[in-house]
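Student: Sequence:
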Amino acid sequence: MSRQFAVVLVLLSALGFGSIALFAKIAYAAGVTPSMLLALRFLLAVAILAPLVWFKRLPLPRGRALAGFVLMGALYTAQSQSYFTALVYASSGLVGLLLYIYPVLVTLFAVAFGWEKLDRRTLTLLVLAIAGLAITLGGDLQGQPFGIALGILAACIYSVYIVIGGRLTQHADPLAATLVVMASAAVGNGMFAAAGNSALPGGVAAWLAVGAIALFSTVIAIGTFLIGIKYIGASKASIISTLEPVITICLGVAFLGESVSLNQLVGGAMVLLAVVMLAQRPRAQAGNEPAATPAGACAE
Numbered sequence: 001m002s003r004q005f006a007v008v009l010v011l012l013s014a015l016g017f018g019s020i021a022l023f024a025k026i027a028y029a030a031g032v033t034p035s036m037l038l039a040l041r042f043l044l045a046v047a048i049l050a051p052l053v054w055f056k057r058l059p060l061p062r063g064r065a066l067a068g069f070v071l072m073g074a075l076y077t078a079q080s081q082s083y084f085t086a087l088v089y090a091s092s093g094l095v096g097l098l099l100y101i102y103p104v105l106v107t108l109f110a111v112a113f114g115w116e117k118l119d120r121r122t123l124t125l126l127v128l129a130i131a132g133l134a135i136t137l138g139g140d141l142q143g144q145p146f147g148i149a150l151g152i153l154a155a156c157i158y159s160v161y162i163v164i165g166g167r168l169t170q171h172a173d174p175l176a177a178t179l180v181v182m183a184s185a186a187v188g189n190g191m192f193a194a195a196g197n198s199a200l201p202g203g204v205a206a207w208l209a210v211g212a213i214a215l216f217s218t219v220i221a222i223g224t225f226l227i228g229i230k231y232i233g234a235s236k237a238s239i240i241s242t243l244e245p246v247i248t249i250c251l252g253v254a255f256l257g258e259s260v261s262l263n264q265l266v267g268g269a270m271v272l273l274a275v276v277m278l279a280q281r282p283r284a285q286a287g288n289e290p291a292a293t294p295a296g297a298c299a300e
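The numbering of the sequence shown is UniProt numbering, which starts it at 1 and goes up by one.
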């Protein structure tokens, strides 16, 4: 496979993840609750992914590794619940920007655990990202405080998820690990849906939106990212993935009638610039960090 085609696959992955908010808003408008949407998303994803893992005869994790991936599924449940509920109270573009502070938080974890040194370059980029976030949140926001808080919480949980996954996935097949995480998330979100007495989608538009999230924004997005990362590496793939919030903002403006303030554009650009630069860490430092987790490819 050519590197150019691998880049196209990662771009397709970014489009899939970036469009989650659009499909979610369509489902919400049709009366689907966040918990039911997430339960169906992961159930359908497992139904699609499980036959592939079985056909390829991929070994599932066992023992402590299995318990670790189940824990990741629980964290993914909490992160997804926070993110998708945030979409009810804030614009898709703002929630997407807030989620993308997670690379900055992962860098802070790397510094705290001694995987990376807090040199002048890293400190400068962290300050740039924090300043960008402050500008973003200091302007005319398209959202309620509760939605903004949930967006930040989703980023925090996802950061912990990545740190744990970076350690666990070093000796596990990525597709098999992803299946365990998805199955655990399906159970967790299913419990939320049952506790809230959420009803199944009642119209064609709702089912199409849920199906699009499960197939295009989950299975295809994860699959294309895993294939692409194999040929161009984690660093370049993560840089390309910074297009996800940009895609979310553009789709929100084009199809949902959302608006974007100048503060959001400036602050968001500062955060994304810091993310890109952090992804281009010197090779000596990058080697000490936790490996990128394929299961963590789908942040939303």
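Wrong hints could be hidden among the right ones.
Said to hold, decoys possible - Under the rule of at most 30 Å between Cα atoms (straight-line distance), these lysine-lysine pairs were calculated in the DSSO-like manner:
| no. | residue 1 | residue 2 |
| --- | --- | --- |
| 1 | Lys56 | Lys230 |
| 2 | Lys25 | Lys117 |
| 3 | Lys56 | Lys236 |
| 4 | Lys236 | Lys117 |
Said to hold, decoys possible - Simulated restraints on C-beta separations:
| no. | residue 1 | residue 2 | range |
| --- | --- | --- | --- |
| 5 | Ala74 | Val253 | 33 to 39 Å |
| 6 | Leu108 | Val266 | 19 to 25 Å |
| 7 | Asn197 | Val111 | 40 to 46 Å |
| 8 | Ala205 | Leu66 | 44 to 50 Å |
| 9 | Ser2 | Gly138 | 28 to 34 Å |
| 10 | Val111 | Arg3 | 29 to 35 Å |
Keep in mind the hints are simulated off the structure, nothing from the lab. The beta carbon of each residue, even a glycine, is placed where N, CA and C say it ideally should be.
Student: Hint by hint, say whether it matches the structure.
Tutor: Hint by hint, here is what the structure shows:
For the hint pairing Lys56 with Lys230, the CA-to-CA distance comes to about 18 Å; that is within 30 Å, so the pair holds. Using a Cα cut-off of 30 Å, the hinted pair Lys25 and Lys117 is violated, with the two alpha carbons roughly 41 Å apart. Taking the CA atoms of Lys56 and Lys236, the gap is about 28 Å. The hint holds against a cut of 30 Å. Restraint check for Lys236 and Lys117: the C-alpha separation of about 21 Å stays at or below 30 Å, so the hint holds.
About 34 Å separates the C-beta atoms of Ala74 and Val253, a value consistent with the hinted range of 33 to 39 Å. Taking the beta carbon of each, Leu108 and Val266 are about 23 Å apart, inside 19 to 25 Å as hinted. One distance hint, 40 to 46 Å for the beta-carbon pair Asn197 and Val111, holds here, with the actual separation near 44 Å. Distance hint for Ala205 and Leu66: a CB-CB separation of about 38 Å, inconsistent with the stated range 44 to 50 Å.
Remark: the range hint 28 to 34 Å for Ser2 to Gly138 is contradicted by a beta-carbon distance near 44 Å. For Val111 and Arg3, the Cβ-Cβ distance of about 31 Å falls inside the hinted range of 29 to 35 Å, so the restraint holds.
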